[in-house]
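Undergrad: Sequence:
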Amino acid sequence: MNNNLPAGMTSIMEDLDRYKDTFMTGFWPNSGDVAVIRSWLRDDLDDSVIDEIAQKFSSSLEVNVMGVGTGDGSMDSIIIGKFRQKFGKLRYTVIEPGSVIEQFKNKVHSNDELNDIEFDWKDTTFSEVCRDATSLKNKFVFISAIHSAYYFEDFSDSMSHLLDFLVDGGALMIIANSDDNTLVKFLDNLSWKEENTQSRLTEKTAQFAEAKARPLVTFDLPAQINVTSCFDETSEEGGKLLDFLTEVAYFRETASSDIKKETMSLMKSLSTEGDDGKLYFGTNCKAMIMTKASCCL
466 MNNNLPAGMT SIMEDLDRYK DTFMTGFWPN SGDVAVIRSW LRDDLDDSVI
516 DEIAQKFSSS LEVNVMGVGT GDGSMDSIII GKFRQKFGKL RYTVIEPGSV
566 IEQFKNKVHS NDELNDIEFD WKDTTFSEVC RDATSLKNKF VFISAIHSAY
616 YFEDFSDSMS HLLDFLVDGG ALMIIANSDD NTLVKFLDNL SWKEENTQSR
666 LTEKTAQFAE AKARPLVTFD LPAQINVTSC FDETSEEGGK LLDFLTEVAY
716 FRETASSDIK KETMSLMKSL STEGDDGKLY FGTNCKAMIM TKASCCL
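Take the sequence shown: its letter number 45 is residue 510 in my numbering, and every next letter is one higher.
Derived by calculation from the structure, the hints in this document are not laboratory data. Be a bit skeptical, because a hint or two may be false.
No more than 25 Å apart at the CA atoms, straight line, and that leaves these computed lysine-lysine pairs for DSS-like [unchecked claim]:
(1) K521 / K602
(2) K604 / K677
(3) K669 / K602
(4) K570 / K554
(5) K751 / K485
(6) K551 / K602
(7) K554 / K587
(8) K587 / K602
(9) K726 / K650
(10) K521 / K677
(11) K572 / K587
(12) K572 / K551
(13) K726 / K743
(14) K743 / K650
(15) K743 / K725
(16) K604 / K521
(17) K604 / K570
(18) K521 / K551
(19) K551 / K570
(20) K725 / K650
(21) K604 / K554
(22) K485 / K587
(23) K669 / K650
(24) K602 / K677
(25) K572 / K485
(26) K725 / K485
Just the calculated beta-carbon pair ranges, DEER-fashion [to be verified]:
(27) E738 / L526: 50 to 56 Å
(28) V682 / R717: 37 to 43 Å
(29) K650 / P471: 17 to 23 Å
(30) R507 / K570: 19 to 25 Å
(31) S504 / G739: 17 to 23 Å
(32) D697 / T475: 19 to 25 Å
(33) P471 / E527: 48 to 54 Å
(34) G473 / F696: 20 to 26 Å
(35) D741 / S575: 34 to 40 Å
All C-beta atoms, glycine included, are put in the ideal place defined by N, C-alpha and C.
Construct all of the structure, not just a fragment, from the sequences and the given hints.
TA: If you want it as structure tokens, here you go:
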């Protein structure tokens, strides 16, 4: 990923361990969309896509499922549970760069219910996987990318690879920030930031589906994130959250005073105060499900 940042500042994606740390200990504790997405996966994923997949493929088959940018596996564990209920055998491919993949492995090793599932661990980026992707073509009945498509090096090329990885009748699920998400507006309006990885991603996904003549179904997932700690310079959690939101590693330590002033002023202007007196960003998301040509096996 191109840095495109003022001198002395580094993209959070150039420091994957810092990215995962800020996600898990800055974003995660303050974000309502984590709970919203998990609830949607638990309550609606069957009706939205898995039941349809189960109708197309024999329950006696070993099915392949992939998670792109899985983090510690908290979301993927729900998806795995859904497929275990429908199919006798499951092979799960995990694509996750950085040390957080070890947390996912620990979850698997400590959960007896996952002992009968075969895992294929790929501790690398999706772009690296695509460079040697012949063995993955026409293999998966379901692929998920939850809050990870922002970081595809080439969005259209990456999406094409994901479709190639699906078998006929398979489905691709992208969960990403909506274009009306306050975080997207925040990143769009920072004068010092040349590139907003999250801008128009849902629009790009819809355009890609239309260009490829693939059916696309979308679901709105309204949520918000508490940004109050960002304004407390003594808060370590707030510093990590600020890193995650600005997409800059160690923002407080490396940004100039002018950049910090602009950033915090913009954040304040876009925040809304809740009944609890805390400040929030609206972080509405969309779940987008794209299917490949239908078949029955």
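Undergrad: Using the Cβ atoms, figure out if K650 sits within 17 to 23 Å of P471.
TA: 21 Å, holds
Undergrad: Given a hinted range of 19 to 25 Å, is it respected by the beta-carbon distance of R507 and K570?
TA: Holds, since R507 and K570 (Cβ atoms, about 23 Å apart) stay within the stated range.
Undergrad: Are K726 and K743 close enough, with their CA atoms no more than 25 Å apart?
TA: 20 Å, holds
Undergrad: Straight-line Cα separation of K602 and K677 no greater than 25 Å?
TA: Between K602 and K677 the Cα gap is close to 17 Å, so the pair holds against 25 Å.
Undergrad: Could you see if the CB distance from P471 to E527 stays within 48 to 54 Å?
TA: 51 Å, holds
Undergrad: Tell me if the straight-line CA distance from K570 to K554 falls inside 25 Å.
TA: 19 Å, holds
Undergrad: Taken at face value, is the distance from the CA of K602 to the CA of K551 at most 25 Å?
TA: Holds, at about 23 Å.
Undergrad: Quick one: are V682 and R717 within 37 to 43 Å, going by C-beta?
TA: The hinted range 37 to 43 Å holds for V682 and R717, with Cβ atoms some 41 Å apart.
Undergrad: Does K554 lie within 25 Å of K604 when you go C-alpha to C-alpha?
TA: 14 Å, holds
Undergrad: With the threshold set at 25 Å, check whether the alpha-carbon distance from K572 to K485 stays at or below it.
TA: At roughly 17 Å apart (the allowed maximum being 25 Å), K485 and K572 satisfy the hint.
Undergrad: Hey, K587 versus K602, does the alpha-carbon distance stay inside 25 Å?
TA: 16 Å, holds
Undergrad: Within 25 Å, alpha carbon to alpha carbon, are K604 and K521?
TA: Holds, at roughly 15 Å.
Checked against the numbered hints given earlier, this structure breaks none of them.
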